[in-house]
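Engineer: Sequence:
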Amino acid sequence: MDCFVGASTGALKAISLRDNSFLNLNVIKDLQPKKDEITAMAWNDENQSELLIAQLDRKLRLFDADTNESETLFNVEGGQGPVKGLCRTNDGENLITCVQSGVLKVWDDKGEEKAEWTVGPGVSAMRGSTEKNEVVTGGIANLVKTWDIETNKQTWAAKNVPPDFLQLEVPIMCTDVRFIPGQNTILEATRHHEMRLYDPRAQRRPIAKIRFLENPITTTSLCYKPNHVLAANSIGEMGLFDLRSK
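In my numbering, the protein residues as written are 85 to 330.
Rather than coming from a laboratory, the hints here were simulated on the basis of the structure. Backbone N, C-alpha and C define an ideal beta-carbon position, used for all residues, glycine too. Certain hints may be false.
[Stated by the list, open to error] With a straight-line Cα cutoff of 16 Å, these simulated EDC-like cross-link-like pairs (lysine to aspartate or glutamate) come out:
1. Lys97 x Glu161
2. Lys143 x Glu161
3. Lys143 x Asp192
4. Lys189 x Asp150
5. Lys216 x Glu234
6. Lys216 x Asp150
7. Lys143 x Asp129
8. Lys198 x Glu161
9. Lys189 x Glu200
10. Lys97 x Asp86
11. Lys229 x Asp150
12. Lys119 x Asp141
13. Lys198 x Glu215
14. Lys237 x Glu177
[What the hints assert, rightly or not] Simulated DEER-style distance windows between Cβ atoms:
15. Glu134 x Asn159: 37 to 43 Å
16. Thr302 x Asp326: 19 to 25 Å
17. Asp248 x Gln287: 18 to 24 Å
18. Cys307 x Asp283: 34 to 40 Å
19. Lys118 x Tyr308: 19 to 25 Å
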C-alpha cells in the first residue's frame with residue numbers, strides 16, 4: 085500500500101495508488117462518525133509502522149500497520165474543538181497535540197500533561213519538524229507560525245500575501261501546513277486551491293506558489309521522492325508536485 089487515509093466516517097483506509105484500490109482497516113459497520121471521525125494522523129516511528137490517530141471524540145489511538153491492530157492511548161483534554169494536529173517529539177518520549185481553539189499540549193504516553201501554550205484560534209493543522217524541536221501551526225484567520233517546543237515561544241510567523249487586484253485583503257485560509265525535510269522550508273495548503281512555499285531564513289511571504297485545479301486543498305503529504313508532495317482537494321482529486329518546479 086502507498087498511503088493511509090483517515091475518513092470523516094471513522095474509516096481508516098490503506099490506498100494503492102498504482103492499482104487505484106483501497107482496503108478498509110477497521111470494521112465499517114461498527115463505526116459511529118459523530119465520535120469516530122478521524123481528525124488528525126501522524127507516524128509514531130521512523131519506520132512508519134505505527135500510526136497515531138485522533139478521533140472526533142478526542143480519543144488518541146495507536147494503529148500497528150503490521151498487525152492491523154489498534155489500542156487506545158488517552159483522551160485529549162483542554163480547549164475547544166477537535167484535535168487538528170498531533171506528532172511525536174524527536175526524542176520519542178512525548179506526544180504533542182493541538183486542538184481547533186489553539187490549545188497546544190505536550191503529553192507523555194500515559195496522558196500526563198508536560199506543557200501547554202496557545203497558538204491562536206481557528207487552527208486547521210499542526211505538525212512537527214523531524215530536524216528541529218519545533219512545530220508549525222496555521223488555520224483560518226491564523227497565519228502560519230513556528231514554535232520552539234522547549235521554550236514554548238514563537239520563532240517565526242508568515243506574512244499574508246499582498247492584496248488582490250481589487251486591493252482587497254486576501255483571507256487567511258490555511259488548511260494544512262508542514263515542514264519540508266532537508267530544505268528548511270514550510271509548505272502551506274489553502275482553500276484558495278493554492279500551496280505556498282516559505283523559507284523562514286529569507287522572508288515572511290511565500291517564495292513560491294503552486295496552483296492545484298479549482299477546489300480547496302484539504303491536505304498534503306510527503307512521499308518517497310525528495311522535494312515532492314501529494315496534495316488532495318475537497319472533491320477527492322489528488323496530485324503529485326515537484327517543489328523545485330518553477
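Engineer: If a hint holds in the structure, say so; if it doesn't, say that too.
Structural biologist: We went through each hint and held it up to the structure:
no., hint, result
1, Lys97 x Glu161, "violated (27 Å)"
2, Lys143 x Glu161, "holds (10 Å)"
3, Lys143 x Asp192, "holds (15 Å)"
4, Lys189 x Asp150, "violated (29 Å)"
5, Lys216 x Glu234, "holds (11 Å)"
6, Lys216 x Asp150, "violated (29 Å)"
7, Lys143 x Asp129, "violated (19 Å)"
8, Lys198 x Glu161, "holds (13 Å)"
9, Lys189 x Glu200, "holds (4 Å)"
10, Lys97 x Asp86, "holds (11 Å)"
11, Lys229 x Asp150, "violated (35 Å)"
12, Lys119 x Asp141, "holds (5 Å)"
13, Lys198 x Glu215, "violated (21 Å)"
14, Lys237 x Glu177, "violated (20 Å)"
15, Glu134 x Asn159: 37 to 43 Å, "violated (19 Å)"
16, Thr302 x Asp326: 19 to 25 Å, "holds (21 Å)"
17, Asp248 x Gln287: 18 to 24 Å, "holds (20 Å)"
18, Cys307 x Asp283: 34 to 40 Å, "violated (21 Å)"
19, Lys118 x Tyr308: 19 to 25 Å, "violated (36 Å)"
Hints 1, 4, 6, 7, 11, 13, 14, 15, 18 and 19 from the earlier list are contradicted by this structure; the remaining hints agree with it.
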